[in-house]
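A.B. asks: Once you have looked at the hints, place chain V on chain E.
Protein chains: 2
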Amino acid sequence: MRKKIVIIGGGFGGLSAAKEFNDFDADITLIDKTNYHLFQPLLYQVATAALSPADIAAPIRAVLNKQKNTTVVMDEVTAIDRVNKKVITKGSEYSFDYLIIAIGSSHSYFGKDEWEKNAPGLKTLNDALNIREKILLSLESAEKMNNPEETIKYLTFVIVGGGPTGVEMAGAIAEIVKISMMKDFRNINSEMTKVYLIEALPRLLTAYPEDLYEIAKKDLETLGVEVLLNTMVVDVNDEGVALKDKFIPTKNIIWAAGNTVSPLLKSLNTELDKAGGVIVNPDLSLKDDSNIFVIGDAAHLKDKKGNMLPGIAPVAMQEGRYAAGIVKEGKDADLRESFKYIDKGTMATIGRAKAICYIGGLKFTGFFAWLIWCVIHIFFLISFRNRFKVMAEWAWYYITFRHGIRLITGHPEKQEEIRNSNTPD
Amino acid sequence: MRKKIVIIGGGFGGLSAAKEFNDFDADITLIDKTNYHLFQPLLYQVATAALSPADIAAPIRAVLNKQKNTTVVMDEVTAIDRVNKKVITKGSEYSFDYLIIAIGSSHSYFGKDEWEKNAPGLKTLNDALNIREKILLSLESAEKMNNPEETIKYLTFVIVGGGPTGVEMAGAIAEIVKISMMKDFRNINSEMTKVYLIEALPRLLTAYPEDLYEIAKKDLETLGVEVLLNTMVVDVNDEGVALKDKFIPTKNIIWAAGNTVSPLLKSLNTELDKAGGVIVNPDLSLKDDSNIFVIGDAAHLKDKKGNMLPGIAPVAMQEGRYAAGIVKEGKDADLRESFKYIDKGTMATIGRAKAICYIGGLKFTGFFAWLIWCVIHIFFLISFRNRFKVMAEWAWYYITFRHGIRLITGHPEKQEEIRNSNTPD
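As you go down the protein sequences, you meet chains E and V in turn.
If you're matching positions, the first sequence starts at 64 in this note's numbering and goes up one per residue.
If you're matching positions, the second sequence starts at 64 in this note's numbering and goes up one per residue.
Don't read these hints as lab results, they were simulated from the structure.
Cβ atoms here follow ideal geometry from the backbone N, Cα and C, with glycine treated the same way.
Worth double-checking, as some hints may not be accurate.
Unchecked claim - When the alpha-carbon atoms are kept at most 35 angstroms apart in a straight line, the in silico DSBU-like pairs for lysine-lysine are as follows:
#, chain 1, residue 1, chain 2, residue 2
1, E, Lys129, V, Lys246
2, V, Lys350, E, Lys96
3, E, Lys365, E, Lys403
4, V, Lys216, E, Lys148
5, E, Lys241, V, Lys96
6, V, Lys426, V, Lys67
7, V, Lys129, V, Lys186
8, V, Lys403, V, Lys337
9, E, Lys153, V, Lys246
10, V, Lys426, V, Lys365
11, V, Lys148, V, Lys216
12, E, Lys216, V, Lys82
13, E, Lys246, V, Lys148
14, E, Lys129, V, Lys280
15, V, Lys131, E, Lys216
Said to hold, decoys possible - Short derived list, chain E residues pointing at chain V, Cβ under 8 angstroms:
#, residue
16, Lys207
17, Lys246
18, Asp247
Claimed, not checked - Now the stretches of chain V that chain E is said to cover, found in silico as 3 or more residues with beta-carbon under 8 angstroms:
#, stretch
19, 95 to 103
20, 109 to 121
21, 128 to 138
22, 199 to 211
23, 390 to 403
In isolation and in its complexed conformation, chain E is listed as follows:
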């Protein structure tokens, strides 16, 4: 009988695994909650009105449509039944001989889940659209107000977490509210806007060399971002962010700190780490089941030096291809070669036309680093079509300094609220 292979998740890990099974003689089922693969590293550009959702997302069906052994299902997995070798979804179930779990991670509020309402994270396309809407509606609200104390709340932006996502968001937001959009308004201006980047550790971008981090921090400050290091968030509420010795009144908080994995993994009944990730064998299989693999952000695996592999796209992609390779070979667990991550470098943009890159031990900064960043990201975008469109967007943006995708759509009830929120003049 043909083997049944189920992959949960159509992100970088799951999709790489699925593609590796091209022409393999088996029935492959890929299950994802959404109908698209998301190019997550550019998600902050959707949140800041620089790109359209379709520029960084491709329908999973379309990516895999020529792979006749593969069925794509839009469904949500609720449990994994190891005993009967079945994946249980909301309305159905899928038997497997091999299972690859690539469900990614979401932000952790360190036990304060009630903060999420006021401080949304940036993991999904809906998150990005919600944040975009929030930023744009805040500017619209501020433009209409004549109460300075209220106005300041709408013009203050706080980003919590100084990793790559936080740094890129802070830079992009500063650019919008300090430079590119302000000329369109009559009652508010860039001196009235404030952007804070808050990090609990003594420095930003801990995965980068010290001197690159220094440059990134200076670039952010040049854009008008106030960087607060060694700073813990004590509370988040409707009125703003409380720090140990300060309260920042704001309606705009974006959470880019901490990581946690879906509770789904508990149904595996295997060893998990504190963040909920599965502690896997060197071949990415479960400690007690060599036919089930966990890859990407959901896996807990250390390199030779004892460092956890980071939750980034290149790790997930290499793991996806590796796990699929193991399944294809069909070797027993004790004959499998261990997974080895090959670090090809790391990079982050700071606003328009600046970036820092750390590639093969070499460091690049400024405009040249930004060009490298552009080329690499364009290259890795899923389809030629998106590459072409994103290139055009960036070129246009670089020339004109205009954010094009400034549409407030969705959530009519929230828009309603904002429209009602202006004070009489």
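C.D. replies: Just chain V now, kept in the frame of chain E:
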């Protein structure tokens, strides 16, 4: 004192009026419920996953940002107080010396407003995103089902109304469900899909010459659309559409029939027609107030032959420029020249690479008409940026026959419902 001019609505009429006031010595305020101007003739392409929202919408602020005499407000008008010359919004009010009302129209359900839930219209960007989501989720649901009777409901698409919007929607949907997307699915195919176009009158496209209509009908039928003429909709419910002698089971109904104007106009206390439109003077001013103008779909005005001017973009734009011109001249009502509409032609596309055009008495059909359609629509798109992107999209689509913008975003609760809806296999 500087005159105060208020414009309600940032559509084709309102925006054309606002631009005409460039450099005019007055304070102009443009109020719109949304933050963008929408290129409505291409809305059906967003609804059918061919274009992104940002391709056909431009932030009103950005369009008018160099016009220093003009303030843009995102707000909803609730009443017009003619006595005190004030426009009342949800949270504020705006005094005016001259008022231009350009609020457009929405679909009419002929008194059966309860049909709207199951048969949404296509007037706003949110409508288009909702319809796109509905179509895509229907295909996802059908792919997962193994109950043929249920499946057919998700694969049947009914468009009510045989005007340009209905014809263009029917053509575009047929193309998706009969040709372009089906290769991505494993369990459903194009033979299982049905597309109906329902029209109460004996023919489609009543504004077009008879022979062009015949060609359009044949083109639609070639694409697989079943055109039902002389057919009234008797009922719309969760299970489908009831006609006089037939019930069509379907989860996908799109309403493109009838027109009605916002009840806001009642607060003008002036003469309205049956659809709620304002019966205006030949200079577009109110019968009893020469400083208030109504333009576009909200105005009821007849040409010399006694025909109502149609609710289309060219009429609204010409009226907007005309009304602004009248205000700028500042002439008394009895000295004003009447508005004259110059008909430059009319056109509609039928699926990919086919169209019908009727321009200056000349008729064009097929691929050549489609090229004319492309050029004219590209030309009228708001900014160069959008033109360039849309051209790229269309070229890509023409070459590859692929709909790119197939993302299911928004409405997590609805997606949830669909994910739960599959029957166990």
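A.B. asks: So, for every hint listed, does it hold in this structure?
C.D. replies: Checked hints:
1. E/Lys129 x V/Lys246: holds, 8 angstroms
2. V/Lys350 x E/Lys96: violated, 57 angstroms
3. E/Lys365 x E/Lys403: holds, 10 angstroms
4. V/Lys216 x E/Lys148: holds, 33 angstroms
5. E/Lys241 x V/Lys96: Answer holds: E/Lys241 to V/Lys96 is near 26 angstroms, not above 35 angstroms.
6. V/Lys426 x V/Lys67: Violated - the C-alpha atoms of V/Lys67 and V/Lys426 are around 45 angstroms apart, more than 35 angstroms.
7. V/Lys129 x V/Lys186: Within the cut-off at roughly 29 angstroms; holds.
8. V/Lys403 x V/Lys337: Satisfied, since the Cα-Cα distance of roughly 23 angstroms is no more than 35 angstroms.
9. E/Lys153 x V/Lys246: Holds - the C-alpha atoms of V/Lys246 and E/Lys153 are around 26 angstroms apart, at most 35 angstroms.
10. V/Lys426 x V/Lys365: holds, 25 angstroms
11. V/Lys148 x V/Lys216: violated, 52 angstroms
12. E/Lys216 x V/Lys82: Holds, because 33 angstroms separates the two Cα atoms, which is no more than 35 angstroms.
13. E/Lys246 x V/Lys148: holds, 30 angstroms
14. E/Lys129 x V/Lys280: Answer holds: E/Lys129 to V/Lys280 is near 34 angstroms, not above 35 angstroms.
15. V/Lys131 x E/Lys216: Between V/Lys131 and E/Lys216 the Cα gap is close to 26 angstroms, so the pair holds against 35 angstroms.
16. Lys207: holds, 6 angstroms
17. Lys246: holds, 6 angstroms
18. Asp247: Nearest chain V Cβ about 4 angstroms off; hint holds.
19. 95 to 103: holds (count 4)
20. 109 to 121: Holds: 5 residues of the stretch 109 to 121 of chain V have a Cβ under 8 angstroms from chain E.
21. 128 to 138: holds (count 6)
22. 199 to 211: Coverage by chain E holds for the stretch 199 to 211 of chain V (4 residues, Cβ < 8 angstroms).
23. 390 to 403: Contact hint for the stretch 390 to 403 of chain V vs chain E: violated, 0 residues under 8 angstroms.
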